[in-house]
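Novice: Take a look at the letters that make up each chain.
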Amino acid sequence: MSAPAIRLRGVSKRYGRKTAIRNLDLDVPVGSIYGLIGPNGAGKTTSLRIILDIIGADEGEVAVFGSHDIEAQRARIGYLPEERGLYAKMSVIEHLVFFGELKGMDRRSARREAAEGLERVGLAEEADDKIESLSKGMAQKVQFLATILHHPDLLILDEPFSGLDPINVDLFKTMVLERQREGATLLFSTHMIEDAERLCERVCMIAGAQKVLDGRVADVKAAAGRNEIAISFEGSSSFLDAPGLVERVADHGRYVEVRLVEGADPQELLRRAVESNVRLSRFELVSPSLREIFIEKATAAGVSPEDAPEEEAAA
Amino acid sequence: MNPFTRKVRAVIRREFMQRVRSKWFLVSTLGIPALMIGLVFLAGFFVTQSEDDTGATATVGVVDPTGRVAGFLVEELLADSVLASRADAFEGSTEAEIRAGLSESPYDLLLLLPEEIVEPPEDVDRGRTDRARLFALDNVPGARERQVRDALSRALLRVRLADAGVEDVDAEALLRTAPISVVNVTETGEARSQELYQVISFVIDFLFYMVLLIYGQMIIRSIIEEKSSDIVEVMVSSLRPWELMLGKIIGVGAVGLAQLAVWGVVIGLAALFGLTSAGAALAEAGLDLSAIALPWDTTLLVLLFLVLGYLLYAGLFAGTGATISSESDAQQAALPVTMLIVVPFIAVQGIIQSPNSVWAVVFSLVPFFSPLAMPPRLMITSVPAWQIAASILLLVACVLGAAWVAGRIYRVGILMKGQRANLPEVLRWVRHG
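Chains as they are written, first to last, in the numbering used here: chain A, 1 to 315; chain B, 316 to 748.
Wrong hints could be hidden among the right ones.
Said to hold, decoys possible - Reference listing, derived: stretches of chain A covered by chain B, where coverage requires no fewer than 3 residues with Cβ under 8 Å from a Cβ of chain B: (1) 99-110; (2) 239-250.
Said to hold, decoys possible - Distance ranges between label pairs, derived from CB positions: (3) A:A301 with B:V711: 50 to 58 Å; (4) B:S337 with A:R181: 53 to 61 Å; (5) B:S641 with A:E247: 50 to 58 Å; (6) A:E247 with B:E740: 44 to 52 Å; (7) B:L345 with A:R17: 50 to 58 Å.
For the record, the hints were derived by calculation from the structure and aren't laboratory data. From the three backbone atoms N, C-alpha and C, an ideal C-beta is built for every residue, glycine too.
Generate the whole structure from the sequences, applying the supplied hints.
Specialist: See the structure below:
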């Protein structure tokens, strides 16, 4: 088997007295879509920066495509940091060519790729405009193009969708997935857990500077074992007040997610609902959401549930 | 290993092109020489003005305890008709009386001669009491002071000649002398005006000083811009921080060299066509450009010191820039480095006057000062080879050391945001990199 795209072993980093990440192991297989999930301040950005050798780890080993010399792999990596800027005084095309050159492309092919990319995202007309004259959405497109211009084998995106306008979110997802289908590996961090649940094959969950969960999304869910019940209804929620039957209720607004006591029968809850005269529009056995699993694991690991990732902002 | 990889070359090209194409480059390239020429003429104008400032005549009183000088002196003062409309001699007034009575007296100036005025002791300049003193209600212009002094010299000459039995002399004619112009002769027998070369070396050193300050500040600004526009993280994911720093320093420095080259070509052309109005104007101001001939080896050495000096200070400025995040902190943070440039420049005037004095030699050897202290020496005197070699070696060692320290500060600093890093923190960065 070929070396994983990214391999971390026992990676730790401290800033003064504060631990940013503790003893992190991570294997990102080539060609996978991997999500690094955790609340703000959990250590996601630090981990990504360590992978990119922007900062050095205090302890542990880092390998990209089997090589410990990250420097030699830079041309194969495309990185979109959470805080992404552009040189305001450069023209769009100059900027893209410059970043292509930083990734080892020659000027001619960088120029060609940049022109194609701009065509693709609908910025062909703006190629010679100064960056400072672009709208925010246009600048986001340029930043994104600069990340993928050199056809990286590994894309590392830090909170790629935060702050994007909705049209760009769709465009970027499409383009990222295209790259992945062509064989690129994708690692991205997000504090919006639903994003990860929709996109990722695998996730690594970080809370309080340590890993609490890691693996295939399907496996993670299967391992969580017990099913939950999603219920949408109109009327009183008093039928959920059944201590011998219901262990926990999570209210998601339009529906509630209910976990039953070990060994309890979902039919029993359905019967109570019907008897209490609520109007049911949905009663569905679902596997637990990543969010539920995350909270459970984080709590088990002794991390405050306050640190749980945020709900996805309503789009 | 060749540090100038494609990436570094891309950074250099970007830094260079962005600046050379900017309006700022055009304005400063044309503006700084214009400013300098303007300042030279302005200074000349003011000096000329103050020469003329003595136009109005003054009434001068002479207090002569010996009673032997005042007569001649009044004559001489009146002979210089511009100076004195009235000069009278008194005896016996004390300094206290003069000071108390000057404003009430009809005189603008009162000159008090010392007792030993005719036969002064050999160390006449040491004590205050044996000096002649000129009391005035207002500021006395330099030209007026000179006129009084000259009149006194003539009067004293006449007194002493009279003592020797010579009467009726034209003291002014007797004292007339010729101004001296120092001509340095090179080993090959070429003559060059010392004064001209002093002016030239000062002008060149001033340009260097400007280049070091302006381009050092530019590096700081460029680093802060990358930090505040959030672009630096993308950059360091593509190349090592020291590569970014190197590219930035070389790119910005190339802009400085380009600017110097433009100035050099302009001065060279002006020298070639000494008849142009600019050349004529400069010649009038005492700068005969066609008389400048700097040998190639000197020119190259001087440029070498500029380049090494730039690399040294650019490294220090880059390290400084990495410790701050806002434009408003920049001035204060850069002050220590700026002082390192200002101090040798203050000394330059003295170095030009006596380029082989002990401290001129010391300044031209100390690494932080030598970039500005050595070039004028190279241009106006023959510096021993060992001094040149030692100075260059020390400077190169210092450049490498500064680059190492700055690189470590830079690596940690450029990802830091918000508050300015304090000194202990920066030292920790240097130790742990």
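Novice: Evaluate each hint against the coordinates.
Specialist: Comparing the hints with the structure gives:
1. Proximity of the stretch 99-110 of chain A to chain B, defined as three or more residues with a beta carbon under 8 Å from a beta carbon of that chain, is established by the 6 residues found.
2. Against chain B, the stretch 239-250 of chain A contributes 0 residues with a C-beta closer than 8 Å to a partner C-beta. That does not satisfy the three-residue criterion, and the hint is violated.
3. Range check, A301 of chain A to V711 of chain B: about 55 Å between beta-carbon atoms, so the 50 to 58 Å window is met.
4. Taking the beta carbon of each, S337 of chain B and R181 of chain A are about 43 Å apart, not inside 53 to 61 Å as hinted.
5. At about 53 Å, the CB distance of S641 of chain B to E247 of chain A agrees with the hint of 50 to 58 Å.
6. Separation of E247 of chain A from E740 of chain B is about 50 Å and conforms to the stated range, judged on CB atoms against 44 to 52 Å.
7. One distance hint, 50 to 58 Å for the beta-carbon pair L345 of chain B and R17 of chain A, holds here, with the actual separation near 55 Å.
The structure shown violates the earlier hints numbered 2, 4.
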